[in-house]
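Chemist: The whole structure should be built from the sequences, with the hints applied where relevant.
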Amino acid sequence: MAGIGHFLAMGGYAIFVWPAFAIAALVMAGLAVQSVAGYRRRRRELARLDHEDAP
Amino acid sequence: MFRMANPARFMRVSAAVLPWCAGATALLLAGALILALFVAPPDYQQGEAVRIMYVHVPAAYMASLVYVVVAVASAVALIWRHPLADIAAQEAAPLGAGFTLICLVSGSLWGEPMWGTWWVWDARLTSVLVLFFLYLGYIALIHAFDDPTRGAKAGAVLALVGVVNLPIIKFSVDWWSTLHQPESIFRLGGPTIATSMLWPLGVMALGFTLFFVTLLLVRMRSRLLAAKIRALRLAA
Amino acid sequence: MTRKRRRLVFVLAGMVLLAGAAAIVLSALSDNLVFFYSPTDLVTKHVPDGRRLRIGGLVADHSLHKAADEKTVTFDVTDERNQVAVTYTGALPDLFREGQGVVVEGVREPNGTVMASTVLAKHDERYMPPEVVDALKRAGRWQENAATAAKSP
Chain A
1 MAGIGHFLAM
11 GGYAIFVWPA
21 FAIAALVMAG
31 LAVQSVAGYR
41 RRRRELARLD
51 HEDAP
Chain B
1 MFRMANPARF
11 MRVSAAVLPW
21 CAGATALLLA
31 GALILALFVA
41 PPDYQQGEAV
51 RIMYVHVPAA
61 YMASLVYVVV
71 AVASAVALIW
81 RHPLADIAAQ
91 EAAPLGAGFT
101 LICLVSGSLW
111 GEPMWGTWWV
121 WDARLTSVLV
131 LFFLYLGYIA
141 LIHAFDDPTR
151 GAKAGAVLAL
161 VGVVNLPIIK
171 FSVDWWSTLH
181 QPESIFRLGG
191 PTIATSMLWP
201 LGVMALGFTL
211 FFVTLLLVRM
221 RSRLLAAKIR
231 ALRLAA
Chain C
1 MTRKRRRLVF
11 VLAGMVLLAG
21 AAAIVLSALS
31 DNLVFFYSPT
41 DLVTKHVPDG
51 RRLRIGGLVA
61 DHSLHKAADE
71 KTVTFDVTDE
81 RNQVAVTYTG
91 ALPDLFREGQ
101 GVVVEGVREP
111 NGTVMASTVL
121 AKHDERYMPP
131 EVVDALKRAG
141 RWQENAATAA
151 KSP
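Residue numbers (our numbering), protein chains in the order written: chain A, 1 to 55; chain B, 1 to 236; chain C, 1 to 153.
There may be inaccurate statements among the hints.
[As the list claims (entries may be wrong)] Sample of chain B residues with no beta-carbon within 10 angstroms of chain C, all distances over it, derived:
1. R9
2. V13
3. L27
4. F38
5. P41
6. L78
7. A85
8. P94
9. F132
10. F145
11. D146
12. E183
13. R187
14. K228
15. R230
[Said to hold, decoys possible] SDA-like cross-link-like pairs, simulated, lysine to any residue; straight-line CA separation at most 25 angstroms:
16. C:K45 x C:N82
17. C:K4 x B:I185
18. C:K4 x B:V68
19. C:K71 x B:P113
20. B:K228 x A:G38
21. C:K4 x B:V76
22. B:K153 x C:K137
23. B:K228 x A:E52
24. B:K170 x B:V68
25. C:K4 x B:N6
26. C:K4 x B:P113
27. C:K137 x B:I185
28. C:K71 x C:R108
29. C:K137 x B:E48
30. B:K153 x C:A19
31. C:K66 x C:Q100
32. B:K153 x C:D49
33. B:K153 x B:I79
34. B:K170 x C:A22
35. B:K170 x B:G202
[Stated by the list, open to error] Just a sample of chain C residues kept apart from chain B, beta carbon distances all over 12 angstroms, derived:
36. V47
37. P48
38. S63
39. K66
By construction, these hints were calculated from the structure, which means they are not laboratory data.
Ideal placement from N, C-alpha and C gives every residue a C-beta, glycine not left out.
Modeler: Next up, the structure:
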């Protein structure tokens, strides 16, 4: 079809389509970041505790 | 002993599986995004607005699927007292709540141009909103007790009580008059959605599912590490 | 029986009882849970005039007329057995057209016409690209609405 402008406009429904994809990306990225960050934090804590025991 | 061996085995297996899950998730989601935005055709009546389907429908399926996981894990926790079951249920719930939120918001964004309204209190939309509140209530409940074991048990009971909402969600469009249209895919008589739209939808749904599995494994591993940290601190 | 077996029985029994209770409550409330009446419902059930209600069905073919002021429309909502006349002033949804599903909300006048305050389009469960629809139309296999839009509660 007619290029990037047409694609971004989504046939006139842009203000509905792009926010829908955005909310999915935001929520899923947010959950991923929160899950992985929490895991890494605990792994660091555990490594710290292990090092305290075994000098 | 049996109870202690299981978490250790879970950590070993999940460590091996996780990179593959994460990799497959990334590939599927990226592929599905390209399919949904560039390859899938517009709809004969909805035009380009139909692309919201590639977010809304997989999110809707996951909202219910994850609840089934929470409910089954809760039942296993209550009946068989398996140590990982409570953890699985509790870590799945926020993921389910997230999918339900995506479903509700994207649905609203789809409804306004196509139906002419952001929201209606018909049986389908209302029961999915109830599902969202069930997730939130469950998360609140498990944290509401000083004793985490009691919180876990209360949550498990709530999860099982809420199961009755699932067939209501699924069959709402058949049992009562609703604005939301009937099922297009899993129905007697086969799908009423064109193949060129159905398989991008399938890829996205698979991507969402693997996304859920990946994050659930990460979150469960995180919980088991937290338990180890607590044990070490108590022993110190 | 073992404690595990007893817990299993309790959980299963609890869920069965809960499902039963839900089924009873829902079937009793069924009339209140419908989102709209069909035109046939209006005929068979006694709905008093002057009450705000919702009617759903298809926009009857050849029934859509624009009033002289260009902003008011009249059309009929049909479920292929009965129809209801509707008058509406305001913007119509993109998908609104004759043969399409519709849900109107408004007040029923003594003469039976509904003065609608809201008109919503209801689309069916079919999704396909325009080329497929054209091909079906050329083959004479295209039906305007997959299974009537209005459902009798």
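Chemist: Evaluate each hint against the coordinates.
Modeler: Each hint tested on the structure:
1. Distance check on R9 of chain B: its Cβ is at least 22 angstroms (rounded) from any Cβ of chain C, clearing the 10 angstroms threshold; non-interface status holds.
2. At the 10 angstroms boundary, the C-beta of V13 of chain B stays outside the reach of chain C, the nearest C-beta of that chain being 25 angstroms off.
3. With a least CB separation of 25 angstroms from chain C, L27 of chain B remains clear of the 10 angstroms interface cut-off, as annotated.
4. The beta carbon of F38 of chain B sits about 14 angstroms from the closest Cβ of chain C, which is more than 10 angstroms, so the claim that it is off the interface holds.
5. Not every CB of chain C is more than 10 angstroms from the CB of P41 of chain B (nearest about 4 angstroms), against its label as outside the interface.
6. The beta carbon of L78 of chain B is not kept farther than 10 angstroms from every beta carbon of chain C, the shortest such distance being approximately 6 angstroms.
7. Here A85 of chain B stays apart from chain C, with its beta-carbon at least about 13 angstroms from theirs, past the 10 angstroms limit.
8. The Cβ of P94 of chain B sits about 24 angstroms from the closest Cβ of chain C, beyond the 10 angstroms cut-off, so the non-interface label holds.
9. F132 of chain B, annotated as away from the interface, keeps every beta carbon of chain C farther than 10 angstroms; the closest lies near 19 angstroms.
10. Even its closest Cβ contact with chain C, about 20 angstroms, leaves F145 of chain B beyond 10 angstroms, as expected for a residue assigned away from the interface.
11. At roughly 24 angstroms, the least C-beta separation between D146 of chain B and chain C is larger than 10 angstroms, which holds for a residue marked as non-interface.
12. Not every Cβ of chain C is farther than 10 angstroms from the Cβ of E183 of chain B; the closest lies at roughly 6 angstroms, contradicting the non-interface assignment.
13. Against the 10 angstroms criterion, R187 of chain B falls within the reach of chain C, whose nearest CB is about 8 angstroms from its own CB.
14. Under the 10 angstroms C-beta cut-off, the non-interface status given to K228 of chain B relative to chain C holds; the minimum distance is some 28 angstroms.
15. With a closest Cβ-Cβ approach of about 27 angstroms to chain C, R230 of chain B is found to remain outside the 10 angstroms limit, as its non-interface label requires.
16. Taking the CA atoms of K45 of chain C and N82 of chain C, the gap is about 13 angstroms. The hint holds against a cut of 25 angstroms.
17. Note on K4 of chain C and I185 of chain B: the hinted pairing is violated, with a Cα-Cα distance of about 39 angstroms set against a maximum of 25 angstroms.
18. With a CA separation close to 22 angstroms, the supplied pair K4 of chain C and V68 of chain B stays within the 25 angstroms bound.
19. Between K71 of chain C and P113 of chain B the alpha-carbon distance is near 20 angstroms, which keeps this suggested pair within the 25 angstroms criterion.
20. Taking the CA atoms of K228 of chain B and G38 of chain A, the gap is near 15 angstroms; set against the 25 angstroms cutoff, the hint holds.
21. Between K4 of chain C and V76 of chain B the alpha-carbon distance is near 10 angstroms, which keeps this suggested pair within the 25 angstroms criterion.
22. Note on K153 of chain B and K137 of chain C: the hinted pairing is violated, with a Cα-Cα distance of about 58 angstroms set against a maximum of 25 angstroms.
23. In summary, the hint linking K228 of chain B to E52 of chain A is supported, as the alpha carbons are separated by about 15 angstroms, within the 25 angstroms threshold.
24. Between K170 of chain B and V68 of chain B the alpha-carbon distance is near 13 angstroms, which keeps this suggested pair within the 25 angstroms criterion.
25. Distance hint between K4 of chain C and N6 of chain B is fulfilled; the C-alpha atoms sit about 19 angstroms from each other, no more than 25 angstroms.
26. A threshold of 25 angstroms between alpha carbons decides the hint, and for K4 of chain C with P113 of chain B the separation of about 53 angstroms lies outside it, so the pair is violated.
27. With a C-alpha separation of about 23 angstroms, the suggested pair K137 of chain C and I185 of chain B falls inside the 25 angstroms cut-off, and the hint holds.
28. Of the supplied pair hints, the one linking K71 of chain C and R108 of chain C holds, its CA atoms being roughly 20 angstroms apart against a limit of 25 angstroms.
29. Distance check on the hinted pair: K137 of chain C and E48 of chain B sit about 21 angstroms apart at the alpha-carbon level, within 25 angstroms; holds.
30. Of the pairs offered as hints, the one joining K153 of chain B and A19 of chain C holds, with about 21 angstroms between alpha carbons and a cut-off of 25 angstroms not exceeded.
31. Restraint check: the Cα-Cα separation between K66 of chain C and Q100 of chain C comes to about 17 angstroms, which is no more than 25 angstroms; the hinted pair holds.
32. Taken as a hint, the K153 of chain B and D49 of chain C pair is broken in the structure, with Cα atoms around 52 angstroms apart against an allowance of 25 angstroms.
33. A C-alpha spacing of about 11 angstroms is found between K153 of chain B and I79 of chain B, which places the hinted pair at or below 25 angstroms, so the restraint holds.
34. Annotation: proposed proximity of K170 of chain B to A22 of chain C holds, straight-line Cα distance about 15 angstroms (limit 25 angstroms).
35. Between K170 of chain B and G202 of chain B the CA atoms are separated by roughly 19 angstroms; this keeps the pair inside 25 angstroms, and the hint holds.
36. Residue-level check passed: V47 of chain C sits 14 angstroms from the nearest beta carbon of chain B, beyond 12 angstroms.
37. Consistency note on P48 of chain C: stated as away from chain B, and its beta-carbon is indeed over 12 angstroms from all of that chain's, at 20 angstroms minimum.
38. Under the 12 angstroms C-beta cut-off, the non-interface status given to S63 of chain C relative to chain B holds; the minimum distance is some 19 angstroms.
39. The claim that K66 of chain C lies off the interface holds: its Cβ sits roughly 18 angstroms from the closest Cβ of chain B, which is beyond the 12 angstroms cut-off.
Checked against the numbered hints above, the structure violates hints 5, 6, 12, 13, 17, 22, 26 and 32; every other hint is satisfied.
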